[in-house]
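Trainee: These are the residues of each chain, in order.
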Amino acid sequence: MARRAKRGFAKYMDQRLPATFKIQITSMVDMFVILLVFLLKSYSTSPVNITPSDKLTLPVSTSTKAPDDVLKLVVSKSGIFVEDEKVVDLNDGVLDVKDVDESDTQFIRSLYSALDEQAKKSKNIAAVNEEIEFDGKVIMQADRSLPYDLLRKVMYTSMMAGYSDVKIAVYTKE
Amino acid sequence: MKAFHKRTEDATFELNLAPMLDIIVSIVPMLLLSVAFVHVTVIDTPVPQAVERAIAAANERNKDEVQVSLYVSKSGGRFVVTDTGQTKETFVAAKGEKIDLEALHKETLAIKQAYPDVFKLELNPDENFPLEEIVEVLDQVRTTAHGEPKIVIKDENGNPVETNLMFPDVIFGNVAGG
Numbered sequence: 001m002a003r004r005a006k007r008g009f010a011k012y013m014d015q016r017l018p019a020t021f022k023i024q025i026t027s028m029v030d031m032f033v034i035l036l037v038f039l040l041k042s043y044s045t046s047p048v049n050i051t052p053s054d055k056l057t058l059p060v061s062t063s064t065k066a067p068d069d070v071l072k073l074v075v076s077k078s079g080i081f082v083e084d085e086k087v088v089d090l091n092d093g094v095l096d097v098k099d100v101d102e103s104d105t106q107f108i109r110s111l112y113s114a115l116d117e118q119a120k121k122s123k124n125i126a127a128v129n130e131e132i133e134f135d136g137k138v139i140m141q142a143d144r145s146l147p148y149d150l151l152r153k154v155m156y157t158s159m160m161a162g163y164s165d166v167k168i169a170v171y172t173k174e
Numbered sequence: 001m002k003a004f005h006k007r008t009e010d011a012t013f014e015l016n017l018a019p020m021l022d023i024i025v026s027i028v029p030m031l032l033l034s035v036a037f038v039h040v041t042v043i044d045t046p047v048p049q050a051v052e053r054a055i056a057a058a059n060e061r062n063k064d065e066v067q068v069s070l071y072v073s074k075s076g077g078r079f080v081v082t083d084t085g086q087t088k089e090t091f092v093a094a095k096g097e098k099i100d101l102e103a104l105h106k107e108t109l110a111i112k113q114a115y116p117d118v119f120k121l122e123l124n125p126d127e128n129f130p131l132e133e134i135v136e137v138l139d140q141v142r143t144t145a146h147g148e149p150k151i152v153i154k155d156e157n158g159n160p161v162e163t164n165l166m167f168p169d170v171i172f173g174n175v176a177g178g
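Read top to bottom, the protein sequences are chains D and U. For the first sequence, this note's numbering begins at 1 and goes up steadily by one. For the second sequence, this note's numbering begins at 1 and goes up steadily by one.
Excised from the complex, chain U in its bound form:
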């Protein structure tokens, strides 16, 4: 009993936190220098080149290419779908001063479901259309939203593949003399 008492008294000790504090104090300034409080990402928007235009023109001549164009302005968004020479237009009216993004997304989804193999969209914003709204439009046409049916496409072997991508390849159609 006496021996037990002696052992418990010896077992108490204080943890020396000073070296740990030294390490943390060294790491914190390094992390503070490299920390990114604002995350910046990018959206790919390649502009059409002469070669690409020639290919597009050749495809148009073949009448096999489906072209999806979107003209956006303060009054709304106008989809122009050219399929085997036939042109179909749909208009999504603006809600007040701004584009009706929800309706625009629904229309994009409907076009995508009709043409699941087309991933390129030609965007033609109006001259006074601000960048902020262009980016909002890009967000709506790029991918499907959560809970929406996925797009089913076929791979090289003909097997169905599901994707949430609608029109990830957006090019500004009217940059070069549009």
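So here's chain D without its partners, still in its complex pose:
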């Protein structure tokens, strides 16, 4: 009886369809091709990629000029940063009196020190490498709500440190 049953099971195993199957990947390829086209469209060919921080909202402009690979200066409501390093504290966009020079109210001392250090570094590199030239360019990423009074102080100080060509970073108007 048991032998007959085993024979029946063996017969079933022989008759059933093979267990291998193929995954239908056509729809997945379709999806990936759409994703690929979208990513290629958004692909940035610019050598410089500026990523504004979360707490910083840049102004919107019709300008389409691509940024150069130069010194990055960030002016947010919480502070002033030179190449991602905080050099001056700001209290909701207001500069502390101690950070401003007593004889020249437009001059921010700690910002000048940081920029001067960067300028010296760039000049030293330019002295060794003939292909690199110190051109005094700086990209200023400033919050759109900040008053001109503060930005003027920042620009004045950067000018004193040798960075006289200030470029304002903006979001491109679509």
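In short, the hints are calculated from the structure, not lab data. Nothing here was measured: the structure is a model prediction, and the numbers come from that model. Incorrect hints may appear among the rest.
Far from chain D, by Cβ distances over 12 Å, these chain U residues were calculated [as the list claims (entries may be wrong)]:
id, residue
1, E89
2, P160
3, T163
4, N174
Covered stretches of chain D, going by a simulated chain U footprint (3 or more residues, C-beta under 8 Å) [stated by the list, open to error]:
id, segment
5, 31-42
6, 65-76
7, 105-117
8, 159-172
Where a beta carbon is used, it is the ideal one built from N, C-alpha and C, also for glycine.
Fit chain U to the supplied structure of chain D, relying on the hints for placement.
Mentor: Structure of chain U alone, referenced to chain D:
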């Protein structure tokens, strides 16, 4: 007839998409890392240097230089055009709390048409003027809008050249002790 039937049966096949999927799966993470969802551009705003100021002063002495200045504040925009020693002022009043950008653009276009060879504008914002509005003003004075007449200038040979640029060289005049 029999041979034809046999051929059609053999012609059916399944395209092997697995290698294509492999390639796409490799490319997608690479593109995701380098994709820029937010496009950031820059506006040139060089600050006046001592040498440039000296040149400007020399030009002023020559009385041949035309200087266009724009003073912006919450109350509006004031154009000051200095031409051969003569100063002409025009004021564009603000619309409520904000600058009347349309009127400011029209006035800029009128000045540009009067002085097509001048490309430099000295911008002097008020202390409390926010950056957002400064950039809006810069957008209005830099180029003409779509549908507006183009600016006709003459090249070195005296041939007319059309451009949509009005005042692309904007400098902050009051940065250094203004």
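Trainee: Next step is simple, just say for each hint if it's right about the structure.
Mentor: Status of each hint after checking the structure:
Look at U/E89: its CB is around 21 Å from the nearest CB on chain D, clear of 12 Å, so calling it non-interface holds up. Consistency note on U/P160: stated as away from chain D, and its beta-carbon is indeed over 12 Å from all of that chain's, at 26 Å minimum. No beta-carbon of chain D is positioned within 12 Å of the beta-carbon of U/T163; the least distance is around 16 Å. Not every Cβ of chain D is farther than 12 Å from the Cβ of U/N174; the closest lies at roughly 7 Å, contradicting the non-interface assignment.
Note: the segment 31-42 of chain D has 7 residues with beta-carbon separation from chain U under 8 Å; the three-residue rule is met and the coverage holds. Taking a C-beta to C-beta cut-off of 8 Å, the segment 65-76 of chain D contributes 4 residues in contact with chain U, enough for the three needed, and the coverage statement holds. Restraint check on the segment 105-117 of chain D versus chain U: 1 residues with Cβ-Cβ distances below 8 Å, three needed, restraint violated. As drawn, the segment 159-172 of chain D meets chain U at 10 residues by the rule of a beta-carbon pair under 8 Å; at three or more, the given contact holds.
Hint violations for this structure: numbers 4, 7, all remaining hints satisfied.
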